[in-house]
Amino acid sequence: MTSVIGRTGSPTTASAPPLEHAEPKAPIDFGALTVVPTRHWARWILGALVVFVVAQLVFSLFTEPGYHWEVFAKYFFAPAILRGLGLTLLLTVVAGSIGFVAGGVLALMRLSKSPLLSSFAWAFIWFFRSIPLLVQVIVWFNLGYLYPTIGLGIPFTTEYFVEFQTVSLISAFAAAVLGLALHQAAYSAEIIRGGILSVDAGQLEAAAALGLPAHVRVFRIILPQAARSILPNAFNEIIGLLKGTSIVSVIALSEVFYVTQVIYNRNHMVIPMLIVAVVWYTILTTVLSIAQFYIERHFARGSVRVLPPTPIQRARSWVRTQWDRLDDAPAKEVRS
Amino acid sequence: MTILDHTATTTGLVEIRSVSKSYGNHEVLHDVSLTIEPGEVVTILGPSGSGKSTLLRTINHLETVDRGWVSIDGSLIGYEHRPEKDGPGKLYELKEKEILKRRTQVGVVFQNFNLFPHLTAVENIVEAPVALKRLSKPDARELALGLLDRVGLADKADAYPRQLSGGQQQRVAIARALALQPKVLLFDEPTSALDPELVGEVLDVIRDLAKLGTTLVIVTHELGFAREVSDRIVFIDHGHILETGTPAEVLGNPKHPRTQDFLAKAL
Chain A
1 MTSVIGRTGS PTTASAPPLE HAEPKAPIDF GALTVVPTRH WARWILGALV VFVVAQLVFS
61 LFTEPGYHWE VFAKYFFAPA ILRGLGLTLL LTVVAGSIGF VAGGVLALMR LSKSPLLSSF
121 AWAFIWFFRS IPLLVQVIVW FNLGYLYPTI GLGIPFTTEY FVEFQTVSLI SAFAAAVLGL
181 ALHQAAYSAE IIRGGILSVD AGQLEAAAAL GLPAHVRVFR IILPQAARSI LPNAFNEIIG
241 LLKGTSIVSV IALSEVFYVT QVIYNRNHMV IPMLIVAVVW YTILTTVLSI AQFYIERHFA
301 RGSVRVLPPT PIQRARSWVR TQWDRLDDAP AKEVRS
Chain B
1 MTILDHTATT TGLVEIRSVS KSYGNHEVLH DVSLTIEPGE VVTILGPSGS GKSTLLRTIN
61 HLETVDRGWV SIDGSLIGYE HRPEKDGPGK LYELKEKEIL KRRTQVGVVF QNFNLFPHLT
121 AVENIVEAPV ALKRLSKPDA RELALGLLDR VGLADKADAY PRQLSGGQQQ RVAIARALAL
181 QPKVLLFDEP TSALDPELVG EVLDVIRDLA KLGTTLVIVT HELGFAREVS DRIVFIDHGH
241 ILETGTPAEV LGNPKHPRTQ DFLAKAL
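Quick mapping for you: the protein sequence lines, in order, are chains A and B. All residue numbers for the first sequence refer to my numbering, where the first residue is 1 and numbers rise by one. All residue numbers for the second sequence refer to my numbering, where the first residue is 1 and numbers rise by one.
Calculated from the structure, these hints are not laboratory results. Check before you lean on any hint, since a few could be wrong.
Unchecked claim - Below are the SDA-like pairs computed for lysine to any residue, each with C-alpha atoms no more than 20 angstroms apart in a straight line:
id, chain 1, residue 1, chain 2, residue 2
1, B, Lys95, A, Val216
2, B, Lys101, A, Pro232
3, B, Lys95, A, Val93
4, B, Lys133, B, Asp155
Said to hold, decoys possible - Which bits of chain A does chain B cover? Going by a derived footprint, with three or more residues having C-beta under 8 angstroms, they are:
id, stretch
5, 194-206
6, 214-220
What the hints assert, rightly or not - Here are a few chain A residues that sit away from chain B, every Cβ distance over 12 angstroms (derived from the structure):
id, residue
7, Ile45
8, Gly211
9, Ile312
Quick caveat: nothing in here was measured; it's all calculated off a predicted structure. C-beta atoms are modelled at their ideal positions from N, C-alpha and C, and glycine is treated no differently.
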C-alpha cells in the first residue's frame, strides 16, 4: 500500500500536510474498478495432473485389447446375467426389509424401560455384529448338521406335532436371507436407535403432554424427525447390503456375481465378465443414490427454510440462464 | 372467539396435597400443598432451582411424585383410588392410556415451545384432536385456523416452526395447547427463551386467556406481568412454599425474608 485511504475515501499521503483551501482530489469509485482475480497456481498444476491421469485411463479403455469389450457387450444383457441380477435385487429387498423392520423393533426394545427387553436387544446386536457375514451365511447353510430336524412341539422335550428336515426347510436362498437379514437387523438397530436419540427430549415431552398415544408418538412425531439422521446411514447400509449379496455366491446361490464366475470359469474371459458385474453394481448403486437424494429432501421439510433445488431444477435454471445470454446482453442471473 | 368461550364454564380445580419429590438425595419438593380454584390465575415465583418448574410438571404427571398426591376436579393424577369396605382402600397406578386421557385436561406451554418442527403451524395444532379421535380432520383444521386467528397468526397457518420468530412459535404452542380445550393451562417460563421485544406479544395472549376464566398456573420471571394478571402469587424456595397471597401482599409487602431478598434482587 503506497497511500493511506482517509475516512472520506480520498487517498492522502503522509508528506502532504492538509491545506485549508487545497483542491480536494475527486474520490475514487472503487465499485467501477477492474478486479484482478487471485491466481491459484498449485490448483492448476494438480488439476492438469488429474486430467492427464483420467485421459490416460480413458485412452487405455479403448486401446487395451485385454478388456475384450465384445465379450462384455455379448454378456451384459445375457439372460443368465439378468436372472442373477433379479436374484441379487430380490435378496436385497427381502433381507433389507426384514432387516430394517427387525432393526426398528430391536431399537425400540433397547430403548425400552424393561431391563429384560433392553438386554435381549443388546445381546442380539452384540452377537450378530460379532460374526462375519460370510461365516454366518455358511453356518445357516449347514444348520442341518446341528439340528437335523426342526419342528413344533412341547417345549424342552422331543415330542413334536410337526417336524421338518432342516436341509429341506433351510434352502440356500433361506440361508442367504437369514444371514443377510440378521446381520442387517443388528446394524440397522443401532442406526435407528441413534436417530431416535438425536430427537430432542422436549419433543417426546410435548407429545406426551398432548396425550398422544404411543404409536402416534413413535410414527408421527419421533420417527419422521429421526429420519433426518437415519437416512444417510440407512442408505449406506442398503448399498452395503446390495454389494454384500455377492457373499452368498459361496453357497452356490446364483446371484449376479456367482453367474459371472460360472461364465468366466467356462470361457476364461475373467476381466470382461467381472466388468459386467462391476457395471451392473454401479448402475444399481447409482439408482439408490438418486433415490436417497429425493427421500432425504422430502424429510428435510421444516428443518431448512427453503428446500435446495433438485439437480433437474438446477439444470433447467442453468439452461434458462444460457438461453437468455444468447438472446440479449447483459444476461439476467436466474436464481431459484 | 366462540372456540374459547366454553372454557369459561368448565371447572378446573387443582389440588396439590403434601407432595414431596427427590432426585437422589436432593429433595426438590418438600411437603408442598396448594389448592388452585377453578378459573384462578396463580403465578409461581422463586429463584432458579427452587422446584417451581418441578411443581408445575407434577400437575400433569410429566414428573411423578414420591409422596402426596395431585388431583384435578377430584380425579387423581396418575392413580385411581379404589375404596375398600374396611379401611381407606388402595391407589392403583393407571395404565398409560388412562394417564394420557387425564393429561388432556391439562395443557402445557413449554419454555422452548417444543413445536413439532416437521409439521406446519396448523398441522401442529390438528395433530392431537385428530389422533385422539375427538374431531374429524376438516373440523380439527377449522378449529386450528380459528385458534391461530385468536393468537394473531392466521396468515402463518402453513409456515413451519423454523420459519417463525420465537414469539410466533410460542403463540402457536399456546394455540396447540388450547386445541384440546383443557381445564387447566400450565405455563413453564413461557417467555424465558424469547428476545425482549417478543415477550409482549406472548404475554398479551396469556392475558386474554386469564380474562376468559381458564385456570392458569404460570411459572415466570416477569414480575410486572405477574402482578397485573395473577389472582394469587406463590413464592417457593428450596422446595418449600414460603409465602402465598395476592400480588399486593407478596410483591408489595413480602413477609418472609427470603421473598424480600428475592424481590430486592429481581427489581
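Status of the hints after comparison with the structure:
1. B:Lys95 x A:Val216: Distance of about 17 angstroms is within 20 angstroms: holds.
2. B:Lys101 x A:Pro232: 37 angstroms, violated
3. B:Lys95 x A:Val93: 39 angstroms, violated
4. B:Lys133 x B:Asp155: 27 angstroms, violated
5. 194-206: holds (count 5)
6. 214-220: holds (count 3)
7. Ile45: 44 angstroms, holds
8. Gly211: It is violated; glycine 211 of chain A is separated from chain B by about 4 angstroms at its closest Cβ, not greater than 12 angstroms.
9. Ile312: Answer for isoleucine 312 of chain A: holds, closest chain B Cβ roughly 24 angstroms.
Checked against the numbered hints given earlier, this structure breaks hints 2, 3, 4, 8; the rest are met.
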